[in-house]
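Below are the chains, spelled out letter by letter.
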Amino acid sequence: MRRSLSIFLLFLALAIIQTSFFASLPGLLAYTPLVAASGVYLVQHVGERYGAFWIASFGVFLDILSIPSFPLETFPYVTAGLAAYLSARHLFSNRSWYGLIACGAFTLLSLGLVRAFILVAISLRHPETVSWMAFWDTLLWNAVLSTVLLTAFFGFAGRIRSFLRTGFLASNGHEI
Amino acid sequence: MRRLARRTSNTLITIAALALVAFVFRGSVMRVLAVVQRPLVAAGTWVSIRAIGIFDQAAVSPERLSQLEAQREAAIIDHAELERLRIENEELRAEIGFVSRSHVRTLTAAIVSRSVGPEASAFVIDRGSDDGVEIGDPSVTGNGVLVGKVVAVTATSATVRVVSDRDSATAIALLNGTRTIGIAQGISGALLALHYIPQDERVAVNDIVVTSGLEDNIPSGLIVGIVNTVTGDPTAPFQEAVIEPLGDVRRIYTVSVIVSGSL
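Top to bottom, those sequences are chains G and A.
Quick note: the first sequence uses this note's numbering, first residue 1, plus one each step.
Quick note: the second sequence uses this note's numbering, first residue 1, plus one each step.
Read the hints as simulated data drawn from the structure, not as lab findings.
Hints should not be assumed to be uniformly reliable.
[What the hints assert, rightly or not] Quick list of simulated restraints, FRET-style, between CB atoms:
(1) A:ALA169 <-> G:LEU72: 12 to 22 Å
(2) A:ALA5 <-> G:TRP132: 53 to 63 Å
(3) A:ASP233 <-> G:SER93: 35 to 45 Å
(4) A:ARG72 <-> G:ALA157: 48 to 58 Å
(5) A:ALA169 <-> G:TRP132: 16 to 26 Å
(6) A:GLY132 <-> G:LEU109: 23 to 33 Å
(7) G:ALA152 <-> A:PRO62: 24 to 34 Å
(8) G:ARG2 <-> A:ALA70: 48 to 58 Å
(9) A:GLU63 <-> G:VAL148: 24 to 34 Å
[To be verified] So the derived list for chain G, only partly shown, Cβ under 10 Å to chain A, looks like this:
(10) LEU5
(11) LEU9
(12) GLN18
(13) SER24
(14) LEU25
(15) TYR31
(16) LEU62
(17) GLU73
(18) VAL120
(19) LEU124
(20) ILE160
(21) LEU164
[What the hints assert, rightly or not] Covered stretches of chain A (chain G as the covering partner; in silico rule of three or more C-beta atoms under 8 Å from a C-beta of chain G):
(22) 136-144
(23) 202-212
Just so it is clear, CB atoms sit at the ideal spot from N, CA and C, and this is done for glycine as well.
So that you can see chain G by itself, here it is in the shape it has in the complex:
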């Protein structure tokens, strides 16, 4: 129960920081994918499955608050969570910086692909309202900022793991 509560509260804190603080920052910094990068780091480098659950839940969080960046955010984020979990387990299981970045890129690619499918469906009805240039820009900057965040997390791996253990958020063994 204590662990579940910690996981839930930390997710809520990260989601609030992303949608309140980062979303108010200027220019491209507003696109910082804090929750997705944290989820990828947890599932790939720390070996905690709830990282994937965080990514999926963030889509639900955005849709419940009616502040999605793209339409129907639950579907892209659930797919991204699944992609993060499966790629961390089967594709990029090496816990090196390269493995972590590759897992992050794969997760964001999955997120972008599902968003693209949704936008294609929308553009069939309202082609004038969809800007593909803006979509690719967003995806590119999400990937760049995610790489920066994951690199920072990788650099502070020891401290993050110690923080997670203190908050009952990480076990000693690897769960994946």
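Given the structure of chain G, go ahead and fit chain A onto it with the hints provided.
Frame of chain G; chain A shown alone:
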């Protein structure tokens, strides 16, 4: 292995139960979260305003740009005000004018979270149905520039969809010679588009765009923006205009909601 699987499923079930409880009591949860969110939004907006010179690659200093923007906004507001007062006099103080509009009840609300993206733009405010906010209520900046409309309400919070959101449509009128009216639709790039304007309407760049009052809950005369571009072949039956909204949600963290019951 089985113990690990059971532990994981127990954790996920407990988290799902916590999420469900948070959803059921989201009114109270939102009220508590707003205490944390307000300073975060204010801090982010402060950084945004300070950093404008770097990120927008402005050729003038941030202070000078802010001054120029304030001057432009003041000039547009003055012009809109004068134009509207002139019409009001001509039409013997028609029933929908600024005098009556100024008596509307407004609520000041703080922005507690925002969406970011080219395809959608919305934000959540810390006022809800308990304060009298209803779906469709307009949200304006302090000087009466329309920012968006309420699209979802809980007891303690409301979601405002920005006028430039792809799914947003606003009944507008142009303060031009022919008083063109139409529906402005949000498009990518935080802009609005006005389609199907008949060729005989005289639309020009820098024409001021205000709400027409032909929409439920939205009073007439709220400033929306200015015409940025007019396109269309003179031989075609229609022309199109791109409107630049004046309300920039990235640089504000409080808004006023015009409560529909007061109209």
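Comparing the hints with the structure gives:
1. The supplied range of 12 to 22 Å is met by ALA169 of chain A and LEU72 of chain G, whose beta-carbon atoms lie about 20 Å from each other.
2. The hinted window of 53 to 63 Å between ALA5 of chain A and TRP132 of chain G is violated, with their beta carbons roughly 43 Å apart.
3. For ASP233 of chain A and SER93 of chain G, the Cβ-Cβ distance of about 59 Å falls outside the hinted range of 35 to 45 Å, so the restraint is violated.
4. At roughly 50 Å, the beta-carbon separation of ARG72 of chain A and ALA157 of chain G lies within the given 48 to 58 Å, and the hint holds.
5. Between ALA169 of chain A and TRP132 of chain G the beta carbons are some 22 Å apart, a value that agrees with the proposed interval 16 to 26 Å.
6. GLY132 of chain A and LEU109 of chain G have their C-beta atoms about 45 Å apart, which leaves the hinted 23 to 33 Å range violated.
7. For ALA152 of chain G and PRO62 of chain A, the hinted distance range of 24 to 34 Å is satisfied, since their beta carbons lie about 28 Å from each other.
8. Hint check: ARG2 of chain G to ALA70 of chain A, Cβ distance near 52 Å, so the stated range 48 to 58 Å holds.
9. About 30 Å separates the C-beta atoms of GLU63 of chain A and VAL148 of chain G, a value consistent with the hinted range of 24 to 34 Å.
10. Annotation: interface hint on LEU5 of chain G holds; nearest CB of chain A at approximately 7 Å, less than 10 Å.
11. Because the closest C-beta pair between LEU9 of chain G and chain A is about 9 Å apart, less than 10 Å, the hint holds.
12. Evaluation of the GLN18 of chain G hint against chain A yields a held restraint, the C-beta minimum of about 9 Å falling below 10 Å.
13. A hinted interface residue such as SER24 of chain G counts as satisfied when its beta carbon comes closer than 10 Å to some beta carbon of chain A; here the least separation is about 3 Å, so the hint holds.
14. At about 5 Å, the closest approach between the beta carbon of LEU25 of chain G and any beta carbon in chain A falls short of 10 Å, and the interface hint on this residue holds.
15. This hint holds: TYR31 of chain G has a C-beta 6 Å from the nearest C-beta of chain A, less than the 10 Å allowed.
16. Hint status for LEU62 of chain G relative to chain A: holds, with the closest Cβ pair at about 7 Å, below 10 Å.
17. The beta carbon of GLU73 of chain G comes within 9 Å of a beta carbon in chain A, closer than 10 Å, and the hint placing it at the interface holds.
18. Here the hint on VAL120 of chain G is broken, as its CB sits about 12 Å from the closest CB of chain A, past 10 Å.
19. This hint is violated: LEU124 of chain G has a C-beta 14 Å from the nearest C-beta of chain A, more than the 10 Å allowed.
20. Hint on ILE160 of chain G is violated. Least Cβ distance to chain A is approximately 19 Å, over the 10 Å limit.
21. The closest approach between the C-beta of LEU164 of chain G and any C-beta of chain A is roughly 14 Å, which is over the 10 Å cut-off, so the hint fails.
22. With a cut-off of 8 Å between beta carbons, the region 136-144 of chain A has 0 residues touching chain G; three or more are needed, and the interface restraint is violated.
23. With 0 residues having a beta carbon nearer than 8 Å to a beta carbon of chain G, the region 202-212 of chain A misses the requirement of three or more and the stated coverage is violated.
Figure legend: structure checked against the earlier numbered hints; hints not met, in rising order: 2, 3, 6, 18, 19, 20, 21, 22, 23.
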